[in-house]
Amino acid sequence: MTAYLIKNVSVVGGAPTDLLIRDGVVAETGRGLDAPDAAVVDGSGLVALPGLVDLHTHLREPGREDAETVESGSRAAALGGYTAVCAMANTSPVADTAGVVEQVWRLGRQAGLVDVQPIGAVTVGLAGERLAELGAMADSPARVRIFSDDGHCVADPKLMRRALEYVKAFDGIIAQHAEEPRLTEGAQMHEGEVSTRLGLTGWPAVAEEAIIARDVLLAEHVGSRLHVCHVSTAGSVEVLRQAKARGVRVTAEVTPHHLLLTDEVVAGRGALASPGLGVDWSPTASYDPVFKVNPPLRTGTDVAALRAALAEGVIDVVATDHAPHAVEDKECEWAYARPGMLGLETALSIALDVLGPRWDLIADRMSRTPARIAGLDGHGLDPAPGVPANLTLVDPAARRVVEPAELASRSRNTPYARMTLPGRIVATFLRGEPTVLDGKAVK
Amino acid sequence: MACPPAAHPSPERQPSVKVILASADVQRVVDRIAHQILEKTQGAADTVLLGIPTRGAPLARRLAARISTFEDVDVPVGVLDITLYRDDLRRHATRAVGPTQLPPGGIDGKRVVLVDDVLFSGRTVRAALDALNDVGRPASVQLAVLVDRGHRELPIRADYVGKNIPTALAESVKVTLVETDGADEVRLCGGTR
Amino acid sequence: MIRHLLSGGDLDAGTATEILDTAAEMATVAGREVKKLPALRGRTVVNLFYEDSTRTRISFEAAAKRLSADVINFSAKGSSVTKGESLKDTALTLQAMGADAVVVRHPASGAPHRLANWLDGSVVNAGDGTHEHPTQALLDAYTMRARLGRLAGLHVAIVGDVLHSRVARSNVLLLSTLGAKVTLVGPPTLIPVDWAARAGVGSAATDADPGTDVCYDLDAVLPGVDVVMMLRVQRERMNDSYFPSAREYARRYGLDGPRLRRLPEHAIVMHPGPMNRGMEITPEVADSPRSTIVEQVANGVSVRMAVLYLLLGGNNR
Ligand SMILES: [Zn+2]
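Chains as they are written, first to last, in full-length UniProt numbering: chain A, 1 to 443; chain B, 1 to 193; chain C, 1 to 317.
By construction, these hints were calculated from the structure, which means they are not laboratory data. Please note that the accuracy of each hint is not assured.
[Said to hold, decoys possible] Partial list, computed: chain A residues near chain C (C-beta under 8 Å):
id: 1; residue: Y166
id: 2; residue: F170
id: 3; residue: L198
id: 4; residue: A326
id: 5; residue: Y336
Every residue, glycine too, gets a C-beta built ideally from N, C-alpha and C.
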């Protein structure tokens, strides 16, 4: 195993120092380290972060290997600075048995680019009718702790209550895709001025907020942990703020796209909710399904509230909801397109835009907290002597123009095409082995 | 075709502008054509004047007024827009369609005199003949123009010509009328004389 | 010069007026012995219909043929479309066939906009989902202008299922461009929430949209309007709780004889068709001299001729 000596790197924004990585762990830190056997990485101007952890990744395998595989998704993750991703259960077959979660887990190990932690389905076939064998998945080698029907909401309140209670036995957590299904029948985009103008069926904010409100009350009642996926509205932020103030054990994530893009892009307008980004960017056309996602892109007011909530900590985590789709599922009519966007290779750039140089916050929202929520040992720990060497090196001064064809994902459905984004991942280490060096995937 | 006003003497190397017909000349020429029409049509019986927009339309009305003054006959006047019959539609951005107004008695069985300001390639007249064919069946069709500048591209000739003006292809003939432009005048522009 | 007609919002006042003026000239062709103009000779217009709408298709077909264009009808039924060919592949096929214009009717909002990305030729939106139907708005404006002599300053009530109506959306955009004031009337469930919120229900129009307001009370609106446009309301909407029953809908929002008599003397009644007689409109009203429903159909051909001529009559690249 090669040793690596990273010279003059800022650890989570601190003063430049050296990091010696040996035998899978950070062996030593401090200025002027010397290790003749180690490969030297120049860390000048770079920031070392604990390897990023994504709570919400769709890897599409098994079932849609044309859109993404565990391996291609793992490579995209490593290039995005991730050392662990949680793979959502909505594969085909659904990850609702110990067998499927174990298969995904093994595929992740084989790829060896990030730790792939399977998420188990809450209900059989994501059908929302009866509980999947949650305990069997928890006890499998995949050691599932997060359960989610993501893509679907666990809408039945009794079933949701039971799920929240049941997983307490193995310190599990339910990650809810909050979408009241009756309020979103046929929904195509955020319900508001733009949906009215474009004649697309609206997805009202209240359909998310009502479920989050119900779920925090249920979690409070049964004393369970609840995680809210992809929070997208200002109203949801307020519900979460109140629940947290009452001490409810709820955590929440926000996606990069909900932190930057607004529903105006569906109408072909380049309204980005960021002063620093996208001044000279606009969509090439209206009704471009690359901007179709669930929950949908919301208004500028919502985006501003989400950005503030992330900085404040009402929202705990940035999670990508990386959702690769084959070309034919996006190059079609808006209503027939599948919802979802790529996210792994661009997430840190958006976080930089939102949180700026507050590296401690970035480490918190993208690594430490998600690792804690997912119960991933060895992840989310700042580089320090004795800590597993899961880390990533960021060049915050770099700028890059997103080119869909250059992405490692098998799919091309990035909403950031032609946008100039800040920051670049220079290197990523998984247990001391580089997965990315000089900005390129090692394997 | 921009054509600088004749009133300003053009500096050297600028295209020359020459007044061919001044205001009084235009009126005299219109009178002459009115007389010729009366003569050639035996008193303008069963005759209809159809002006081709833009400037053929006021010319047709003037001719009818003069005919009425000279012989006390009311010649029906109409307007025939030829935009949709042009053979060069696709060479330009879409042209605005103008109104076509046939006189109340129609044109079937009538002697139609088409009226235009300048006869040049003959393509406008060809379009007018096609348009006429779609709106009715006249007994015969004649053509009256204020100016014939030559360079025909089709086998078409005018029955009544106000003035023949020999021109070079690079030159342009610009007709202005009181009704459309505020003054009666015919100018020859361009070339390097 | 516009290249496509996808939305009523694509037209500024000048262009819209030019279309209406051109349509007035086109209308004279219908009264001639030779109902044909050579302007689009050699041009190919494809009617690409993913929804059955014989009346709209025939209207476009007549318009294109009167301008001497070649017309190809490409119906989704019985074609490769139902076998799952994508819209993009269909677009590339039409492109290869040399389509100069594609007139598209599609159940998905925005499908014409997608098509416009993939075609070199012009795209005319003949109705997309619950989005827009701009030529319907143009023929409505033409009919109003023909009957009432003007558009600026007219007060138009659009009544019924505004939420799902592409006719309403296009009319709101076009009429406000042309200076008419629009009041949207219907049960609150069938008015988009943001329009109701923006307009301030029952109040005067706001700065955000000076030409449009919302009212839930049909009887309050009728005495002050020049035009009342009744929208088709599908009975199935009651199964989705937009209103309790067809009977209650007809009673509150249907146009019947007594309501007709509440309109000012000069006011006209419009309907884009097809009508649900007895639902949003009674036979007495539909067949009254103040109804323009038959004229609207005739005007549709003239307006579509004007649109096709505007898009294809010159070199607009
Ligand atoms: Zn989801």
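Checked hints:
1. The restraint placing A:Y166 at the interface with chain C is violated, with a minimum CB-CB distance near 35 Å, outside the 8 Å limit.
2. The interface hint given for A:F170 is violated, since its Cβ lies 42 Å from the closest Cβ of chain C, which is over the 8 Å cut-off.
3. A cut of 8 Å between beta carbons decides the hint on A:L198: the least distance to chain C is about 6 Å, and the hint holds.
4. Given hint, A:A326 at the interface with chain C, is violated; its Cβ is 12 Å from that chain's nearest Cβ, farther than 8 Å.
5. For A:Y336, the shortest C-beta to C-beta distance to chain C is roughly 6 Å, which falls under 8 Å, so the interface hint holds.
In this structure, the earlier hints numbered 1, 2, 4 are contradicted, and the remaining ones agree with it.
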